Each structure stands twice: as C-alpha cells, then as structure tokens.
Amino acid sequence: MTVSDTSRLVLDEPYARPILVDGARDLASITDRVCGVVERPTPPRAWYVAITITSCLTLMLFAMVGYLIATGVGVWGNNSPAFWGWDIVNFVFWVGIAHAGTLISAILFLLRQKWRTSINRAAEAMTLFAVCCAGLYPAVHVGRVWVAYWLFPVPNQMQMWPNFRSPLLWDVFAVSTYATVSLLFWYMGLLPDLATLRDRATSGLKRGLYGFFALGWCGSARHWQRFERAYLILAALATPLVLSVHSVVSFDFAVSQVPGWHTTIFPPYFVAGAIFSGFGMVVTTMVPARELFGLKELITLRHLENMNKVILATGSIVGLAYATEFFIAWYGGNPYERFVFLNRALGPYWWAYWLMIFCNVVAPQFLWIKKIRTNLLFMFVISIFVNIGMWLERFVIVVTSLTRDYIPSSWGYFKPTAVDVCTFVGTIGLFLTLFLLFCRFLPMVAIAEVKTILPAAHGHGAHGKHGGEGRPGREVSHG
Amino acid sequence: MSSLNKAPTPPSEGSFGPPLCEDADGVSRRRLLQVMGASLALSTAAGCRFEAEEILPFQSRPEGRLPGTTRRFATALEGAGFAASLLVTSYDGRPIKIEGNPLHPVDRGACTARSQASVLDLYDPDHSRGLVQKDAGVAYPRTWKEFDPYFARILQRHLAEGGAGLRILSAPSSSATLAQLRARFAERFPKARWIHWTAVTRTQELAGARLAFGVEARPLLQIEAARTLVSLDADLLGDHPAALAHARAFAARRNPAAPEMLRHWCVEPAPTITGGTADHRLALRVEQVLPFLAALEARVQAGLGQAPAQVEQGGFLGRPDVSRFLGALCAELLARPGESVVAVGRRQPAAVHALAHRLNAVLGNAGRTVVYVEEPARAGEPSGEPAARLAELVGEMDAGVVQTLVILGANPVYDAPADVDFRRALRKVPLSIHLGQSRDETARASVWHLPETHPLEAWGDALSWDGTRCTQQPLIDPIFERRSVLEMAALLVEEKAAARDLVRAAVLPGAGDEAWRKAIHDGFVEGSAPAGRALPLAPFELPAAEARAFRDELSPGQWELALAPDPKLHDGRLANNSWLQELPDSITKMTWGNAAWFAPATAKRLGIRDASLVTLKCGGRELLCAACVVPGHAADCVTLHLGHGRTAAGQVGGLEEEKVESVGFDAYRLRTLSSLETAQDLEVAATGESYALARTTDPAVDDSIGQHERDLRLHELLRELAHGPSPAAGHAEEDQHAAHHPALESLWEHDAPGSVRWGMAIDLNACIGCGACVVACQAENNVPVVGREQIQRGREMHWIRIDRYFTGSEDAPKLRFQPLTCQHCESAPCEQVCPVAATVHSSEGLNDMVYNRCIGTRYCANNCPFKVRRFNYFNFNKAVQGPGSEVQRMRFNPEVTVRHRGVMEKCTFCVQRIQRAKIEAKNEGRTLADGEIVSACAATCPTQAIVFGDLAQRTSRVSGLAADGRAYRMLEELNIRPRTSYLAKVTNFDPAATSHDG
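Same order as they appear, the protein sequences are chains R and H.
So for the first sequence, the numbering used here puts the first residue at 1; every next one is plus one.
So for the second sequence, the numbering used here puts the first residue at 1001; every next one is plus one.
FYI, nobody ran anything at the bench for these hints, they're computed from the structure.
Some hints could be false.
Stated by the list, open to error - For each label pair, taking beta carbons as the anchor points, the in silico distance ranges come out as:
id, chain 1, residue 1, chain 2, residue 2, range
1, R, 378, H, 1688, 44 to 54 Å
2, H, 1689, R, 415, 51 to 61 Å
3, H, 1419, R, 67, 47 to 57 Å
As the list claims (entries may be wrong) - Okay, derived cross-link-like pairs now, DSSO-like style, lysine-lysine, Cα gap no bigger than 27 Å in a straight line:
id, chain 1, residue 1, chain 2, residue 2
4, H, 1589, R, 415
5, H, 1589, H, 1604
6, H, 1878, R, 415
A quick note: this is a predicted structure, and the numbers were derived from the prediction, not measured.
Every residue, glycine too, gets a C-beta built ideally from N, C-alpha and C.
Start from the sequences, fold in the hints, and give me the full structure.
Below, the structure written as structure tokens:
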C-alpha cells in the first residue's frame, strides 16, 4: 500500500480521542437540538402521516387478537403437526429485535464504546417496544388465554406450581426479567433528561408530568454520583441478560426433541442472530429517524457505520452457525437430523431457506466495502434484508422442523391465514406507533450522556494517550 | 281411471298446519324430559316398549338397577340385507355405544365401523322427526293421527280392486317377520306387487350359484381350515357381509406362531384392505378376472391330469409377472388339495362365480374349506336383477298404472340407475308414500314422508351371513313419533298385534317364554344356522371371455369403469353420518368425499395430476369428478365409489334445499342398467383444474426427498419379517439395527414403577387397516368431528389413527398399516415440556391429560414424536351446544369429558373403562383379572390386533406379547420408553412367485 493510498483512508488514530459528534457543538446547543424535537409545537407532517398509518395497524392488531381470543387458535394457520407457526416465529423475531438496545446500552457501556451514547436511548426504547410485541404472542397464542397466568408461580387454591422442567417456564422468567431490567435501565438513563425537559417546559401540564417522572432530579453532585453507580450496576445486571434471554428462548427449541430443534449450537447461534437482527432493526429505524428529526449531527455516519460493522460480524457468525449445523447434521450421523437439514435446503420450504441464506449470509457481506456501509441507501436496504432474513430464519427453524418430524404419515404443511398476516403486520404497527410516540414525547438522544463525549467535556481538549483508561464507567459529567 | 286418481286429500280441511319449518324440528325441554323419562322407564323392562306405555317415576328402585351405571343389551342391525349382531351400551336408558355381540357365532364381539357409527344417526337432527305431506310443492307437518285414517281409506279403495294400482317398494330384508307380512299382503292384494330395490346387489353371485349348482346358494368360507386363500376381486375383509368372521379367521391363520401360516393370493383392480394383506397381489382389471381364473383352472386341470396342458391365450396372461403368479399359485393349489379357498367378489359375472365353485370342487375344497348353504326362501320374489324390476316399475308408473306407491326404506330417486328415471315417474304417481329414516331425495319427491325408526328403536329380526337368526330389540322408545318398516307392513295387512309379538311369532313360532327370553338376551336364536355342506356340481358351459379382456393395454375411450359401493357409506345411505364421512378411507386416507382412482402409470399417460378435476364420460353420460392417484391400481381402469354426492342427505352429507353442499361426486350418474358394476367405454379428460381433497396423510409427502426418507424410515418404524425357513432377509437386518445402541440414560430419576403398568400391544401382522377402532374410539371418547375444511388444514381429532404406507414400486406396491395412538411413554416427552403440568404420569403409568389444567401452549404436541396429540383449535362441539341440540347431546358418553376449545387431548387408554372395572372389582372384593379391561379400540377389533392389559402382570396377554420375539417399540432410541409394543408384520412369500429383483 502506497502512501498516497493510506492518505485517502480515514482511520481513527488509536490513541487520540475520536470526534463522535459532528459540528462544533457546545453543551447548550445539544440540549436545544434534542429538546427541540420534543418542544416544537407541531411535529413534522411526515410524523402525522406515519402515526396515522401505524395506529391503524395497531387497531387492526387489537381486532385480530380480539377475534383470536373469541374464536380460537384455529383462526391462525397452525395445525397438526405444526402446532406452532407464525405465533412463535414472530415471538422469537421480536425478542431478537429487542436485543440491540440492551446490548448497546449495557455491553457497549461496559466496554466503553463511547459512540453508543447517541443511539442508546432510541435503541433501548426499541428494545422495550419489541419486547411488548414479543410478549404479546406467547400470551395470546395459548388455547385458553384467560388462564395464561397459570404460567406464573402464583400461589393458588389448587396448590399447583408450574412445571419447572419446562423450557417455556424458563422463557416466562427470562423474558419478563429482561423486560423489567430493560425498562429500569432505560428509565434510569432518562432521569436527567426528563429533568431537563421539566426545567424547559412552558406549560404547567408538561412541567407536572415531566417533573413527576423525573423523580425530583436536580442535578446535584450526590444525584450524579448515585446515578452513575446505579447505572453501572444496572448495566452489569443487564449484560448477562442479553446473553441469557435469547439462550433461554433457544432452549424452547433445543431442549425439545424435535429434529432440527434439538441441537446444542442453539444458544450462541440465537444470541448472535438476535444481535444481528437487533442492529438491523436499529439501522432500519435510525436512518429515517435522524433525517426526520434533524439529528444527523448527533447520530452520525460513524455511528451507522459502527452498527454496520456489528451487523457484518454477527451476520458472519450466523452464517458460520448455519454451516456448522449442516456439518454436524452430516457428521453427527443422526439420520433424523440429517434429513431435517436436507429437507430445509431441498424440501417444500426450500425457497424460505435460500432466501434466508441470501438475506442473512450473502447480503451483509457487502458491508465489507466501506462505500456501501457508509451509504445510507445501501445500508438501509441491507438492514431490511437482515430483518427479512432473520424472520425467515425463525420461520425455517420452527416450521420446517415441525412439519416433518419422526413419523412420515403425520408430516404436514403449514400455510398462514390472513389473520396470521394481519396480526404480524399489526405488531409492526404497534412497534412503530410506540416508537413514533417516543420520538415525539421523550428525548431521542441521551442529552446528558452525549455531553460527556463532547470535546468541551474534556476540559483540556483531547486527552491523548492516558485518557479514561483507569476508571470504569464514564468520564465525570458536568451536567 | 279409478277414483283414486285424484290429488290426495289432506286428512281434514281444518287441520292444515303451518308449512313445515325446518327449524321447528328442535325439541322442547318438556319433550326432552318426557323422552328421557320414557327411556328411563324403558330400560327396566329390558328394552321392551310395549308394556310400559305410561311415563312414571319409579316408586322404589328395582333391584340391581343403579342410576348412572351402564347396561348392555343385545340387538341386531340389518345393513345391506344382513344382520350385524350388536351389544349396545345404554346409559340411563339411552344407547351411547355399539359394539359387537361376543356371543354371536359369526361376529364374536367385533363390529364394523359402519355398525358402530349408526348410533350417531339415532340422535342426528336430520333423522326424520315427523310426518310431512307435500301439497302443491309446500310441505306441511302431519301426525300419525292424521295419516292413519287417511291411509286406511286409501287401502280400502285398493282392496276393492284387489290392489291393482298398489305397489310397494322396499329394501331387501332377511327378516322372517317381514316375509310373513309380505306373504299376507300378497294374499290380501293379489293384483298388487311388492318390489325390492337396493343399488348394491348379489345378483351375479346368485346367478353363478344357479349356474354351478342349479340352486341359489352362498359359500361360507372356512378360512380357519385353509392354508391358501385366493381372493379374486373379492374384498373379503372389507365389503363382505361376513367380513368380520373372515377377518378373525384370517388373523388366526396368519399367526406366525401357528404351525402353518396361511398364504394369501389376491387379484383385484383397486387396492383394498383385503389386497393389503396379500402376500402376492396382482392388479388386473375387473374383466380380466374371468380369463385369469379360466387359465388357472386349465392349469389346475392339467396338473391333475384331467385335461391336456393348455397354453393360455396371449395378452396379459403372457406377461411375466402374471404367468409367474399363475404358475406358483397353481403349484401351491395342487400341493395343498382341500386346503385352499378360492373366493370371488360380488361384482364379477356369474360365470366367474360358477368357475370358482367348480375349481373349489376340483381342488377338494368344497365341503372342507368352502361349504355352501342354500339361500333362504325369498317369499315369492322372482330372481334376477332388481334394477330390471325397478325399470319395469318405472314403466308402470309412467304408464299411469300405479295409483299408490309405498316406498319402505328405499331411496331410488338417488340410487336408481341413471337410465331409469325414477324421479320423473314418481311425479306421475298420484299418491306416493315414503317411509324412511331421513327426508332423503325420494322423500322430498314423494307426496308423503313418514319417519322411520332407527334400528335401535324398533323390534325386528334378520339373518346373519351364516343363516343365524338374529333378534332386534329396541333400546329406547322412538325419540320422535317414528314407525318401523314392520309396523308399516303390518298396517298394510291390517295387523293389529304389536311388532314384538309379530317378531316372536315369526322367529320362534310356538316356543316358550324361556326360549324367547334367551333369544332376546343373546341377540340371536342359538343353533338357527343351517349346516353348510358341499353341493353337487351341475355341468355348465363357460362363456368365452371377450377378446378385449386379454389385452394388456386398452386404448383411451375403451377404458374400464369399475363401480363399487363405498367402503364407508355403502350405497349412500350412511352419507349423513359425520363419523363415517370423517373416517379416513383405508387406502387413500381420504375423508369427506370420493374421487376417481387412477393407477400412477395411467395418470401419467393422461397427464392427470393427483387431486385434480377430470371428466369421466361413459355411455353418453358425463361426470365431473376429482382424481386420486392410487399406487397399486390396475392400469386402464378407473374405480369410482358409489354413495357420494347426495343432494338430500342432510346437514352433513349435503342438502340442496338448504344450500348445504354435497360431499363427493355422485357415481350413480354414470351407472346404467347395462353398466351396473362396470362399463367398458370410459373416456377420461383432464380439466387442468385442481381440486382440494381432504386427506389426512399424503399431500405433504409429494416431493422426492420426502418420499425417499419415508421409505428409509419405514424399515425401522414398521418392521417386517419373512416367515418360514429363510430368515436371512429379515433377521439379519434386525440384528444390524439392534447392534449399536448404547445404554440409554435418563436425565432424572423416574418414579419406581407401580404395581400396575397399563400397556398395549398391537400386532401389525393382524391389523388389516379397516378403521373400526377409529370409530370405536370416537364413540367412546366423545371425539369431535371437525369437518372437511379442518381436515384439509390438518386438524383432525381422532385419538387413534391408522397410518398407511405404500412400499416398493408404484405399480405393485405393498400396502402396510400401522395403528397409532398415544404410546403412554414412561419417560414422556410431552410431560417434561408442559409449563403448567397439565399432562402427567399416573401411578399406574398412564400419561394423563388434565383438561382443566391445560392452557393450550401446544408444546407437548410439538414434542410428541408420534404426533398423536390433538388440539382443539376451535370449539368443535359448538354445533351441539345451546338450545335445540338436546337430542344430539344425548349421544355423548357421560363418563368422558367433552373438551372445550383451547385444550389438548389424546388417547387415555380408555381410562374411564379402567376406572369402572377397578371400582367393580373393588366392590366385589376381588382383584382385576387379565382381559377384564378392554379399551374401546381393542374391543371392536375384528382381528384382535390390539391387546390391552397390565404389563406388571407377568401372565397377562399383553406382557406375553411385549416379550414376543416380534415385539419392538417405536422410536425407542429416543429413550422415551413407549408403553405400546408393536409386533412385526410377517410376510409369507412364496419364493417361486417372487421375481429375482424382489
């Protein structure tokens, strides 16, 4: 490589503090910019159009769920042998989406990836909304929704405990724990920003509401000190959850004995896939959102590029997992497993399998090319592929395995119904509605955290080689 | 024209009721209580309904009678002219379950799917509930009080003319009582005629006997004494009046433990369950059976030195597989004189029957393995084809000769040959009166419709195939005002005596009370069967087979259409029975409808896809019909089953008037007087449209990798051994399979096995795949019917299913059956994954399903490797809930929960029967004996392929079978430890008939 070549490459100087936010921003302008989105009297017209559509879809979801509960699970395409269909496919899909938020917030925080600060708030919000969509499915997919609470270990007159051997029960604990910790983590991070909004509020109602949820935050050093510590603790709590929740979800499959489900590779493979799909969804939503709300300088191309790198890495892991599955199916010598994988690639659902391979393994490889991973259009298209591919992955796992298990006479074929499709589209509507409401009423970017990465926060400008290596957590924040 | 030739006068002008409203058929609460009270009173009188006219509560409980316990009564059901002897379980006066009568010498406790399903008809809302008179196209409800004086007046007028304009049309019956009444009718109305009509007849069979013996006789096959069975287009185990007896004898002779195992050779066009049991099966067209049998006879004659060795005429007889089959079969027949049976099916021409009789005589079988009894006298009925006599009647009706036509239980508007336009002729009859169980096609075309009793509501008698006289007693007072054929016949001759007295006088004339009580208790008159014997052969000339019969391939447009009664619906009379409609066909696993069966090669040649629509053209008539490709079907031949496509069967089978779509395609539209069984000018045209068949098995395995894998797995799932001294093929394979299994260990400790371990053994060698167990389970366990659309979605609810596999080549496959129900695994995978512990192990090893704990995650069903769990995707019992369905709900077995939507269900090993037997034993202070508890499927199995019992008891039958050398457990390598043992199928190939390439 010649000198002239390297001069064109923009490489971070490893020991220099990178510039993470564009524009020569000062602390006040950051506050203005982020709060401005919330405080402007009317949101952009596009927001109205979007929320009209998405709330209609949400209403459709409620209608579909109502119909389902009133009529029976038969309104979906589930049958025998595919006792699970789109219900569980979508559940796993949404749980996967929910992974990016906590990963960005907790793991990148612990790894001191400062660039996370611009996107962590939105990503965490997405986590929560995705968990809402995910949680809906197991709740309503059961045959008797009205007694679904029996899944929880509630003391009762029957003196019945749930069956602790069942992975579904582990799932209940894993997802509900994850939802709780994610909510707490997100809310904790919101506190200083809610206080900022309270302080800037122009109407009594807003001041009252933001003030109520800000829990009396006044930015004192003691508040900051406790906040920092609590945030760190929650980050430490959330980190294993990122790994555990999808591992446990994968146990639903791995612990069963359905060929194609019963494999030990599932936990790491599912976690990688979840991160992959989660980042895919963050890119899908952030690319338009930063345009819409004028946050390009806070959520920079550098952020997007970093996320694309994660997508490329996890996508490759997923590809490796697919290859490993096939290898083990052949090498393991279990005839049932061998058939499952042959059937995935060549059986009645071959189209789903090869589409999945294209979306999840082939498409992300384009991100090796810097031009593509820094091009908004390309990355958006690839992220859509990732979303589709990861949905298909769950479809392939759930449906191809179930429809052709042990006894050939009971093999079947799964076809979704219109209610299946409308329910899934409805959850997308719910997810986007919640996200749009979040964008309108809460600070999309963590104001307080972003300020910590401004050059102004470092007092003497760039610290050079010794900056921030010694202490865990963030730099001392000055509010 | 007589004075009768006027429009019928309604009984009295003032009594015109409102037009009949179909919704008015519901039962009021008051009526229901009356009915139930009546039945309660009835059951004490041992089912006798004429003594207890009043409905009164008991003042004191009769001894031995406990409310809520079941009682069982023997009765009979005459389906298609022959009696099935039944043992009916009655719960507080209402019959809920039909099983075979274990005392009966022929049925011996077994029962067909059809007989069992008839209990559903009793409570069917489409089972007629009142009289209907049609006037100017409007139907008015009537009562018997209105009808009786009116009909008496009509008869009086006919009496004056000697009955010249009176015609009676009834289904043939073997009832002695009816025969007596008929004879009296003939005396009373000398000019009247009484004609029998049924679509499926034994005309050719009887003509064949006349040809061979000079008398009408039926062969009784003594399969238990045979070593070789040759069935020629004869569905001996399925569609035969003695199928149950054949099946039992067949299974006994196929037991590999017995010294000589029966070998079965079968020639048939379409695969049947009989062909499925064959060791050697040859698929030939219907018309080819005659040249085949002639060639066989010639070879046998030559082998016996009675005739010069003859070379067969060419054509298909020269085909290597046919000639090898013939050669080996002939050699075997000669080697086993007097130990073989040659049986011919109903639809074969008379000559084939005669030929078989002769061959049986030549081989020394007659009198040993085949005995004959003469047909019972048929009260002056001329022999010959009923269809021809029906055509005569239609001629008379057209000519205006018939003034009054009384139709008793027949449905000619639906099932008459297509060139006999009964419907048109009926319009020309001034007064037509139809007595039938439902307002069928004929009822709707007649002036009067009278509701007929269900067989469980009436007295009667009938003959079983061997000639045993069976008695029929009512289990319940007619739920609605219905009358039996006997009662109508009594009306015709002004007989005032009660039906019971008539039956007694006809069945046991002059016998004492003791004999009568015994006959009613047993359900038949002991020793009433005539002794079978060999009949002297009369010499006869054999008609030469047509030249086309020899041809191996036919040109399109000359194909053979082979009509056959439906294995489930028979001639269509059972089309409104949802249990039978939903019972998967043994061969195609098709429910809800029929389709034209094509051989794979034929379909390929014509470009016909499976599950597509085709047009069948035959004798200038056309039928648009679904096609189904059936491996093992004879080429250039299309099989179509009768009995489908009803337009006035009811809410289940199709009802045009209420826009309820017909189920299946009406094959009668292609059936003419000249093509009653087969037609030789069939043209087939593909329409290119597809048609969704409701099959429970095949459609999902239509790709090559799936088929390949299925074939691979079958060796393990459905094991097979070869019988006899050449164990090389089978056993080596078995050893190989057994070799590498390491000891399996469980993840956790299991409870110590209890003192009782319920288990099951299923002998694949005995199972013939008839489906009787499926209906037995459905009736016993309140298994819901889901309907055509849900079957297509793959949501059938049967707790026991019979898996059917074709193995080997498409053209000559082997047919294998495997009944599959919950295996009650000791380390049950379903139990481990249920999050709410709704499926758990009982102390007796049952895998129990706790319905009211189940929340319906369906995880258990996913994890069940046998896929025997069934989920209530909807409330499948919705139709029978709420007001208006009280009568339908009476069919439920009160000992079994009716499941709600959203819960999982599956086979319980009939836990209610286990509990009942345990309670009984405990009350009597004794221990349970082996064989005391019989699950519903095992109880009805004609071959006793299913054995239920205690595996902890060393001496129990099921333990013995589980330890048998043939026993294996499915998917044992998953360490699930199934409780059900399967006994490997044993084949008995003749090496001489097996080609070298297998």
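Hints, verified against the model:
no., hint, in the structure
1, R:378 - H:1688: 44 to 54 Å, "holds (45 Å)"
2, H:1689 - R:415: 51 to 61 Å, "violated (19 Å)"
3, H:1419 - R:67: 47 to 57 Å, "holds (52 Å)"
4, H:1589 - R:415, "holds (21 Å)"
5, H:1589 - H:1604, "holds (21 Å)"
6, H:1878 - R:415, "holds (25 Å)"
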